[in-house]
Amino acid sequence: MVRSDARLTTMGAYGRILAGRQPRPIGVRTPVVRAREPLRGTVADPTGRFDRRAFWPLPHETVDVPGDRFTVLEEHSETTVTAVREWIDAARPVRGIRAAQGLHKVHREEERMSVQVVVVTGAASGIGRATAELFADRGARVVAVDVAREGLEKLSAIHGVVPLVGDVSTEETNTAMVDLAVREFGRLDAVVLNAGISGAGPLESPGAIDRFDRILAVNVRGTALGIRASLPALRAAGGGSIVATSSVSGLGGDPVTWAYNAAKAAVINLVRGAAIDYAVENIRVNAIAPGGTATAMTAGVLSHPTLGPAVTGRIPQRRWADPREQAEVIWFLTSPAASYVTGVTIPVDGGLSANNGILLPPAFPGDAPR
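In terms of my numbering, the sequence shown has 209 at position 209, counting the first letter as 1, and numbering is strictly consecutive.
Hints should not be assumed to be uniformly reliable.
Derived Cβ-Cβ restraints for the label pairs, each shown as a range [said to hold, decoys possible]:
{"no.": "1", "residue 1": "236", "residue 2": "304", "range": "45 to 53 Å"}
{"no.": "2", "residue 1": "332", "residue 2": "207", "range": "16 to 24 Å"}
{"no.": "3", "residue 1": "228", "residue 2": "183", "range": "13 to 21 Å"}
{"no.": "4", "residue 1": "186", "residue 2": "156", "range": "39 to 47 Å"}
{"no.": "5", "residue 1": "313", "residue 2": "269", "range": "46 to 54 Å"}
{"no.": "6", "residue 1": "336", "residue 2": "186", "range": "37 to 45 Å"}
{"no.": "7", "residue 1": "187", "residue 2": "228", "range": "27 to 35 Å"}
{"no.": "8", "residue 1": "304", "residue 2": "351", "range": "40 to 48 Å"}
{"no.": "9", "residue 1": "296", "residue 2": "205", "range": "36 to 44 Å"}
{"no.": "10", "residue 1": "301", "residue 2": "362", "range": "43 to 51 Å"}
{"no.": "11", "residue 1": "269", "residue 2": "337", "range": "22 to 30 Å"}
{"no.": "12", "residue 1": "183", "residue 2": "362", "range": "26 to 34 Å"}
{"no.": "13", "residue 1": "359", "residue 2": "187", "range": "22 to 30 Å"}
{"no.": "14", "residue 1": "305", "residue 2": "202", "range": "20 to 28 Å"}
No lab work stands behind these hints: they were computed from the structure. The beta-carbon is built from N, C-alpha and C at its ideal position, and this holds for glycine as well.
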């Protein structure tokens, strides 16, 4: 039997929100049309984008429930019951209840993005700095994390940015950055795990393995610790987004870059595994794989008289990225526009990874033959 009630009361109508896994009542403000019998079931949102904080956990409480896509699935039958068929536009929040986001209009999601709370690691320079600045420019609240105190001091002058000096390879720093976001801004919506280092040199060189250990500690352990530390806060917020910075060097090999290749490849598979584990909780985990980007880390290559042009010549767009271009893709991955994107690594490389390397991409008209 399918009920057509526009509204349900919480009295006797208990359910379980899929992502929350905790018993919570279902209902709307009075006056209500009571169900003919107590209803037990599961509130399911096919979009996976609802905010479970829209439901108040106390019995006999009445709350506002968006209709369009919410259904109640009875636990003891196959019947799908439409719990609410319309959004009650005139309703007001009850005792701080937040309206479920993402179920009515896209512009409501965009409004939420303007005040989202994000942690960015490796924020003192390069892609991390560009990301922190972009989010702050768009009204977000940012916890900026780095070992470089001077770079963070410059960032802290930006409204909405709170700095934290720390080493992401330690559990203490990862715990502290999440705690700081929740303490300062009340919640956590997204985490950008961007901190990374390169180096190591030839595999047979003295100290190469020690340097390799440090690269793994920052690039891989730091990413794993960041995911682990952020999960409780993202879960409490009803879900969220984690974006890690890998590299095109994680998609293939480079000369004398074995340690960095290994570390960035590990990040890609770490992202895949975590995405599978936490998708059911509306926590998305993705990565970007930047190609040549003009940062302090790559300045030596870019300015080299022969190596710089050689690398640039292999990029189909024939230029290096600006860090802001990488930040824009990170922004997309944390946004509602990417609500069904998880477990992927997006190359942001001007077409570099599209070429198998046998032939160079076409030159600009008028360039000297290669």
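Hints and how they fare:
no.	hint	result
1	236 x 304: 45 to 53 Å	48 Å, holds
2	332 x 207: 16 to 24 Å	40 Å, violated
3	228 x 183: 13 to 21 Å	19 Å, holds
4	186 x 156: 39 to 47 Å	20 Å, violated
5	313 x 269: 46 to 54 Å	30 Å, violated
6	336 x 186: 37 to 45 Å	20 Å, violated
7	187 x 228: 27 to 35 Å	18 Å, violated
8	304 x 351: 40 to 48 Å	22 Å, violated
9	296 x 205: 36 to 44 Å	23 Å, violated
10	301 x 362: 43 to 51 Å	22 Å, violated
11	269 x 337: 22 to 30 Å	25 Å, holds
12	183 x 362: 26 to 34 Å	53 Å, violated
13	359 x 187: 22 to 30 Å	50 Å, violated
14	305 x 202: 20 to 28 Å	23 Å, holds
Hint violations for this structure: numbers 2, 4, 5, 6, 7, 8, 9, 10, 12 and 13, all remaining hints satisfied.
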